[in-house]
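A.B. asks: Spelled out from the first residue to the last, the chains are:
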Amino acid sequence: MKLAYAGTLPLQGTEIAAQWDSLYWFMVILSVFFFVLVVGGMIYFAVRYRNSVAKKTLYIKDNHLIEATWTIIPTILLMVIFGWGYVVYNRMTQAPSDAYEVRVIGKQWLWQFQYDDGRTTVNELYVPANRPVKLIMTSEDVIHSFFVPNFRIKQDVVPGMYSSVWFNTTMPGKHQVFCTEYCGTSHSLMEAQVIALDEKQWSDWVRGKSIDNVPVNGLGNVPFTAAEREGKTEQSAQAGGEGSIQLAGLALEGKKVTEAKGCVACHSADGTAKVGPSFKGAFGRKAEFVSGDSVTADENYIRESIVNPQAKVVKGFGPVMPTFQGMVSETEINAVIAYLKALK
Amino acid sequence: MTSTTTTVSHSSGEHGHHYLNHSKGLWSWLTTLDHKRIGVMYLYTVILFFLLGGLFALGIRLELFTPGRTIMDADTYNKFFTYHGAIMVFLVIIPSIPAALGNFVLPMMLGAKDVAFPRLNLLSYYIFMLGAVVALTSLFFNGVDTGWTFYTPYSIRTSTGTIFVVLGAFIAGFSSILTGLNFIVTIHKLRAPGLTWGRLPLFCWALYATSIIQVLATPVLAITLLLLIAERVLKVGIFDPALGGDAVLFQHFFWFYSHPAVYIMILPGMGVISEIMPVFSRKPIFGYRAIAYSSFGIALIAFIVWGHHLFVSGQSEMANFLFSLITMFVAVPTGIKVFSWVATMYRGSIRFNVPMLYALGFLELFTIGGLTGVFLATLAIDIHMTDTYFVIAHFHYVMVGGTLMAFTAGIHYWFPKMSGKMYDEKAALYSFIMILVGFNLTFFPQFIAGAQGMPRRYWSYLPEFTLMNQLSTVGSWFLFAGFSWVAIYLWKAMKSGAPAPANPWDSLTLEWQSPSPPPHENFLETPVCKEWPYEYRSQPASAGKA
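Top to bottom, those sequences are chains A and B. The numbers in numbering that gives the first Met the number 0 rise by one with no breaks, and the one at position 5 of the first sequence is 4. The numbers in numbering that gives the first Met the number 0 rise by one with no breaks, and the one at position 490 of the second sequence is 489.
The set of hints was computed from the structure by calculation and includes no laboratory data. Mixed in with the good hints, there may be bad ones.
Said to hold, decoys possible - Restricting the straight-line Cα-Cα distance to at most 27 Å, the calculated cross-link-like pairs of lysine-lysine (BS3-like) are: (1) A/K311 to A/K255; (2) B/K425 to B/K491; (3) B/K112 to A/K54; (4) A/K273 to A/K340; (5) A/K60 to B/K529; (6) A/K133 to A/K208; (7) B/K491 to A/K55; (8) A/K208 to A/K273; (9) A/K314 to B/K112; (10) A/K279 to A/K199; (11) A/K255 to A/K273; (12) B/K529 to B/K23; (13) A/K54 to B/K529; (14) A/K199 to A/K255; (15) B/K23 to B/K112.
Could you put together the complete structure from these sequences and hints?
C.D. replies: Here's what the structure looks like:
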């Protein structure tokens with residue numbers, strides 16, 4: 000497994016990222032200069048004037064010229080940095096008026112994307128490459144933050160208001176998205192991907208075709224399974240979770256759906272209770288609810304739990320799951336049910 | 000105004016009567032009005048909380064040794080970083096230098112018998128302890144997982160333990176206000192004859208600037224935390240949009256206090272360094288006035304830069320423009336101080352006693368902390384860096400590399416005065432190296448992980464960040480070993496260290512004119528300040544050797 004990222008910065012997924020990098024390296028060089036000046040000076044003086052060699056000291060209390068110098072020069076440099084920083088920031092915030100708009104809703108702990116044509120996706124944001132894209136974002140619960148390292152953009156997603164962010168990626172492929180405002184238990188699992196499509200792929204997506212085999216750009220291209228997240232190797236996860244069951248066909252499809260839609264942030268496949276009950280053994284068990292009722296988990300119950308999760312909340316868990324109504328198709332729900340059955 | 004009722008002691012000296020044996024028993028400590036004993040009580044308390052906060056930090060680092068789950072689940076991890084942050088900020092760094100060292104040293108530097116209001120001083124200590132106890136009670140109520148910043152609306156919706164920590168911080172705040180008030184009055188009213196403002200030691204100037212922030216900013220935190228409690232308990236809609244509130248408003252209120260609080264944390268540390276540099280360079284401090292005024296410059300600017308914590312919160316671009324611009328000006332007075340300290344060494348005669356080692360360590364780490372602060376003040380740069388490990392690394396370089404190094408420098412500088420004993424300089428040297436290496440190993444890789452995009456408060460991270468995290472975790476073990484070693488040799492020194500002379504470092508500030516440890520009433524006779532305290536000219540005959 001690749002354990003270190005190649006560069007000290009993420010890839011440059013946009014032109015603004017390149018501009019950002021120039022400013023960053025300018026500041027790094029300036030910082031190294033001042034660090035060497037201060038700490039180098041300190042070490043030089045410490046060695047040169049150590050008391051075993053320097054017995055006599057200079058009596059000097061101040062020097063206005065030198066004090067003015069180290070007040071004025073840093074001030075000028077700071078103003079240059081400020082101005083440069085503002086110029087780049089301004090480009091980051093001024094979205095072109097012809098930008099393609101997507102609505103984003105953050106909720107504990109997934110990202111939902113709504114497109115003009117009425118489609119909705121979860122944790123996968125499909126956008127055209129080489130065209131400005133503007134995200135209009137809000138949150139359903141607490142504050143989240145939408146961060147794309149490859150684009151050097153970040154914007155808090157706040158309940159009760161809209162915030163927006165834009166980018167124009169020159170790099171087709173997947174770009175890692177992190178949530179960067181702490182939002183509770185699965186904050187670190189609230190990941191998504193910007194899927195930037197080239198012209199052909201984009202016209203396929205617009206016509207409703209599914210897009211496969213999009214490569215990952217930089218961050219996020221090292222495989223990292225839900226089981227590894229839980230600190231288990233694939234083997235032990237197999238033993239404890241899916242066991243010797245070979246997932247195939249519809250059940251395997253269902254497993255993929257649970258990963259793509261962010262279900263695994265809250266539901267394990269090995270019997271461990273996380274934010275929600277585990278998938279393992281979920282189907283066919285006698286589910287007991289907070290209300291005191293109980294039911295044997297069948298297809299209808301699983302389906303209801305996906306589209307209207309607040310209807311029956313399992314004892315011992317909070318009523319925190321958002322609805323997936325309109326975000327999963329019937330075929331996907333069938334696949335998930337098949338997966339749960341296989342995990343018995 | 001002072002509490003002393005004892006008869007004037009005549010036999011005070013190295014083996015005679017002093018503040019430590021002035022009265023005996025635990026009760027005499029718990030009810031003491033002596034600023035020196037209160038300072039020592041704060042010191043023990045702060046060290047205890049430092050250990051507790053440090054254990055949480057070790058837990059955090061251990062969990063982050065692998066990308067996935069290592070030793071704890073996500074909920075436990077979230078509580079770990081919350082307690083680490085809340086304990087270190089509210090119970091360690093804020094009281095460290097002002098309340099512990101300041102209490103002991105300030106009146107003595109002024110040539111006073113005590114602070115202006117000794118009873119208020121003891122009350123401050125108990126208020127602080129009450130706040131700490133209330134805050135830690137939360138551990139028995141499911142713990143707290145909000146992060147030390149308590150951002151709404153998350154903090155309104157999560158476990159009830161939050162109320163205890165918030166209430167604890169609210170209570171501890173009053174201790175901060177009262178101590179600040181006490182110090183301001185003490186500096187104004189209790190200076191020894193001849194101790195004019197122009198002769199005031201820079202540590203006192205720094206504490207003065209700090210006290211102003213404590214008195215003016217802390218009430219804002221108090222009212223904010225009270226509103227948070229009101230919202231949680233009474234469901235008044237102030238911060239939670241679900242109740243009709245504004246989620247970002249809390250961040251404005253919170254940082255209106257907490258950014259000035261950053262300077263409550265660092266200014267006293269700068270004061271300590273300003274004392275140590277001239278003593279061990281045998282030279283006048285360079286730019287006395289500039290250093291004194293820059294403390295006030297920083298304190299003033301501190302109040303109008305809070306918005307730089309909110310560049311991505313959705314606040315207006317005009318606000319971002321102004322906050323970024325003003326924040327740049329924090330770097331100017333800070334730079335003046337750093338350059339002045341280095342200039343103080345120029346053509347000096349430098350002794351490498353332990354306090355000086357820590358002061359040099361401070362300069363190295365604080366310079367990195369300060370320079371990376373400019374990155375975060377720069378609008379475009381901050382958009383990418385905020386809420387990543389770059390920020391974590393930056394403020395640890397300032398708070399640990401700056402304040403804690405200065406605190407440790409100060410402890411070693413005044414230890415002979417406080418305990419009347421000398422410590423093992425060899426052990427101190429080795430543990431210093433261990434701390435310096437451990438610190439850089441722990442926090443420097445975090446700059447890189449942050450620039451690469453690793454977000455903060457992540458229980459699990461992408462495998463690409465593994466190497467940087469593992470370096471950091473290994474570094475944390477060095478840090479822990481280094482600080483433990485310091486505690487051990489200082490403890491040994493207290494039990495069986497060689498007796499300390501009155502003035503082991505040949506310092507000119509007034510506290511060294513009193514025996515070590517000082518008598519109950521600080522000085523055998525009221526000291527008179529005859530000169531500026533930085534009139535160092537070449538090496539005295541007794542130099543280097545105590």
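A.B. asks: For each hint, tell me whether it holds in the structure or not.
C.D. replies: Against the structure, the hints come out as follows:
A hinted pair counts as satisfied when its Cα atoms are at most 27 Å apart, and A/K311 with A/K255 qualifies at roughly 25 Å. Proximity of B/K425 to B/K491 is assessed by CA-CA distance (about 13 Å); at most 27 Å being required, the pair is judged to hold. Pair hint B/K112 plus A/K54 does not hold up; C-alpha atoms about 37 Å apart against a cutoff of 27 Å. A distance of roughly 20 Å separates the Cα atoms of A/K273 and A/K340; the hinted pair therefore holds under the 27 Å criterion.
Restraint check for A/K60 and B/K529: satisfied, since their Cα atoms lie roughly 18 Å apart, inside the 27 Å limit. For the hint pairing A/K133 with A/K208, the CA-to-CA distance comes to about 23 Å; that is within 27 Å, so the pair holds. For the hint pairing B/K491 with A/K55, the CA-to-CA distance comes to about 36 Å; that exceeds 27 Å, so the pair is violated. Taking the CA atoms of A/K208 and A/K273, the gap is about 34 Å. The hint is violated against a cut of 27 Å.
Restraint check for A/K314 and B/K112: the C-alpha separation of about 64 Å exceeds 27 Å, so the hint is violated. In summary, the hint linking A/K279 to A/K199 is not supported, as the alpha carbons are separated by about 40 Å, beyond the 27 Å threshold. For a cut-off of 27 Å, the pair hint linking A/K255 to A/K273 stands: about 19 Å separates their Cα positions. Annotation: proposed proximity of B/K529 to B/K23 is violated, straight-line Cα distance about 36 Å (limit 27 Å).
Using a Cα cut-off of 27 Å, the hinted pair A/K54 and B/K529 holds, with the two alpha carbons roughly 25 Å apart. Taken as a hint, the A/K199 and A/K255 pair is honoured in the structure, with Cα atoms around 25 Å apart against an allowance of 27 Å. A C-alpha spacing of about 20 Å is found between B/K23 and B/K112, which places the hinted pair at or below 27 Å, so the restraint holds.
Hints 3, 7, 8, 9, 10, 12, counting from the list given before, are not met by this structure.
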